[in-house]
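One line per chain: the protein sequences are A and B, in this order. Mind the numbering: the first sequence is residues 2 to 184 in my numbering, read in order. Mind the numbering: the second sequence is residues 169 to 381 in my numbering, read in order.
Honestly, I wouldn't trust all of these hints.
Stated by the list, open to error - Derived DSS-like pairs: lysine-lysine, alpha-carbon spacing no greater than 30 Å straight-line:
id, chain 1, residue 1, chain 2, residue 2
1, B, Lys330, A, Lys183
2, B, Lys298, B, Lys330
3, A, Lys67, B, Lys253
4, B, Lys253, A, Lys60
5, B, Lys298, A, Lys119
6, A, Lys119, B, Lys314
7, B, Lys253, B, Lys242
8, B, Lys241, A, Lys67
9, B, Lys339, A, Lys72
10, B, Lys192, B, Lys181
11, B, Lys330, B, Lys314
12, A, Lys135, B, Lys241
13, A, Lys119, B, Lys332
14, A, Lys60, B, Lys241
15, A, Lys72, B, Lys181
16, A, Lys60, B, Lys326
17, B, Lys186, A, Lys119
18, A, Lys107, A, Lys183
19, B, Lys192, A, Lys111
20, B, Lys330, B, Lys259
21, B, Lys253, A, Lys183
22, A, Lys43, B, Lys339
23, A, Lys111, A, Lys183
24, B, Lys236, B, Lys259
25, B, Lys259, A, Lys67
26, A, Lys183, B, Lys314
27, A, Lys11, B, Lys339
28, B, Lys259, B, Lys298
29, B, Lys259, A, Lys183
30, A, Lys119, A, Lys67
31, B, Lys339, A, Lys119
32, B, Lys181, A, Lys119
33, B, Lys241, B, Lys253
34, B, Lys253, B, Lys314
Bear in mind the hints are in silico, worked out from the structure with no lab data behind them. As the structure is a prediction and not an experimental result, all values here were calculated from the model.
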Amino acid sequence: MKLAREEIQKLILGGLILLGVVYSYFDLLLFPLKKHQDAATKSAVALGPEIQNAQTQIKNTQDLEKSVGEKTIVLRQADAMIPEGSPVAWFPTMIGDFLKRQGIEKVTTKLNTESVEKELVGFRRLTWGIDIPKVGYGQFGGAICALENENHLLEIRTVQIDASRDDAETQRATITLNNLVKQ
Amino acid sequence: MALHINLYHEVQKARQLKRRDPLKLSMYGLSGIAALFAIYYFVELGRMHVMSVELNRVQAQYNSLEPKAKAAKKREDEINLEIRKSDLMAKRIESRFYWAPMIEQISQAVPREVQITRLVGDLSGEGVRKCSLTLDGLSAGSDPRKVAEDLRTAIAEKLGSKYKSATSNFKSLEDGTEMVLLDGRQMPTASFAINVTLTTGEETAPAPARKKR
Chain A
2 MKLAREEIQK
12 LILGGLILLG
22 VVYSYFDLLL
32 FPLKKHQDAA
42 TKSAVALGPE
52 IQNAQTQIKN
62 TQDLEKSVGE
72 KTIVLRQADA
82 MIPEGSPVAW
92 FPTMIGDFLK
102 RQGIEKVTTK
112 LNTESVEKEL
122 VGFRRLTWGI
132 DIPKVGYGQF
142 GGAICALENE
152 NHLLEIRTVQ
162 IDASRDDAET
172 QRATITLNNL
182 VKQ
Chain B
169 MALHINLYHE
179 VQKARQLKRR
189 DPLKLSMYGL
199 SGIAALFAIY
209 YFVELGRMHV
219 MSVELNRVQA
229 QYNSLEPKAK
239 AAKKREDEIN
249 LEIRKSDLMA
259 KRIESRFYWA
269 PMIEQISQAV
279 PREVQITRLV
289 GDLSGEGVRK
299 CSLTLDGLSA
309 GSDPRKVAED
319 LRTAIAEKLG
329 SKYKSATSNF
339 KSLEDGTEMV
349 LLDGRQMPTA
359 SFAINVTLTT
369 GEETAPAPAR
379 KKR
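Model the full structure from these sequences, guided by the hints.
Here it is, written out as structure tokens:
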């Protein structure tokens, strides 16, 4: 079968058009579609762990929330131990009353310094000086024992006991203590 | 044999040629291929649609969870801070230095031949605390220096059994000029100053570094 020249020209033109159509099909239609598909698949796959993490985070927080009451009991108890108001107003009175119950009278309590607690956020440390002009050694020891056992937010930093020349039975005692209060 | 002449052979040949036209046949083939391409494209388009729907669903789920997770993380940080504060508070309370037992032990170590005229105690440091104590006093007896020495060793023994690295040293020990009446007899005296040091508590662990997110 012989092809005429005109037919050969038509075949060549048809082939060229076919190449153009195939190129356009792949480059303009199929490949962008595949690219979109890949991007969507990647996005969906990437969101999987993110969703998993978010769900785990929410569950962990819920579990932690259930146990927070038990784990922060000491902090809440400490909070409850601190009276409201300025410590200068209540602390000297509290110490005076406490020592009076121990049989020690005429106590002077003064605020020495004040500093912010770096580790215990929301608390500050006050340093007080307590002067007891007349006290027996045993009585003083008993009062210190009671003070340390009943006031958990106190810590005595210095103790000084001086014997009196006039009265051999009593001494003058001075203590410096730190007290934690709310900021 | 009869002679048969086909007068239509030219017409038939033209028809046959038209039927086997390669251009026409190739056009049919191309149309078929184009149809297959189109079908394949629409199949892929359908898959793309399914994937988009799935992505939208996952994205919507993530969008609804993300603020909750952020809030949960914030709350978790707050709770952890509270727990850490509570632990720290408990540790502070539990690791306090108690003076009362030490005062009691010193009073037990002081014999009747000794009068303590001054006691100064000082606590320094956090975590591992160093406590230094100075005792000034008078000892009396036939050998007042020995009485003072006995007191020093008694204090070291008493405190050494309870506290870490308790040491007791004389800062000064001098013969006194005064005589005192003890058990109905005049006894010589010695004035002394004893330094006592001891350590207590444990090293506090440094706060954990905050994780960078």
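For each hint, the structure was consulted:
no. : hint                : in the structure
1   : B:Lys330 x A:Lys183 : violated, 34 Å
2   : B:Lys298 x B:Lys330 : holds, 14 Å
3   : A:Lys67 x B:Lys253  : holds, 18 Å
4   : B:Lys253 x A:Lys60  : holds, 23 Å
5   : B:Lys298 x A:Lys119 : holds, 21 Å
6   : A:Lys119 x B:Lys314 : violated, 49 Å
7   : B:Lys253 x B:Lys242 : holds, 17 Å
8   : B:Lys241 x A:Lys67  : holds, 15 Å
9   : B:Lys339 x A:Lys72  : violated, 48 Å
10  : B:Lys192 x B:Lys181 : holds, 17 Å
11  : B:Lys330 x B:Lys314 : holds, 25 Å
12  : A:Lys135 x B:Lys241 : violated, 57 Å
13  : A:Lys119 x B:Lys332 : holds, 28 Å
14  : A:Lys60 x B:Lys241  : holds, 11 Å
15  : A:Lys72 x B:Lys181  : violated, 103 Å
16  : A:Lys60 x B:Lys326  : violated, 54 Å
17  : B:Lys186 x A:Lys119 : violated, 100 Å
18  : A:Lys107 x A:Lys183 : holds, 28 Å
19  : B:Lys192 x A:Lys111 : violated, 113 Å
20  : B:Lys330 x B:Lys259 : holds, 20 Å
21  : B:Lys253 x A:Lys183 : holds, 13 Å
22  : A:Lys43 x B:Lys339  : violated, 79 Å
23  : A:Lys111 x A:Lys183 : holds, 18 Å
24  : B:Lys236 x B:Lys259 : violated, 34 Å
25  : B:Lys259 x A:Lys67  : holds, 23 Å
26  : A:Lys183 x B:Lys314 : violated, 52 Å
27  : A:Lys11 x B:Lys339  : violated, 122 Å
28  : B:Lys259 x B:Lys298 : holds, 17 Å
29  : B:Lys259 x A:Lys183 : holds, 18 Å
30  : A:Lys119 x A:Lys67  : holds, 28 Å
31  : B:Lys339 x A:Lys119 : violated, 37 Å
32  : B:Lys181 x A:Lys119 : violated, 108 Å
33  : B:Lys241 x B:Lys253 : holds, 18 Å
34  : B:Lys253 x B:Lys314 : violated, 51 Å
The earlier numbered hints that this structure contradicts are 1, 6, 9, 12, 15, 16, 17, 19, 22, 24, 26, 27, 31, 32 and 34.
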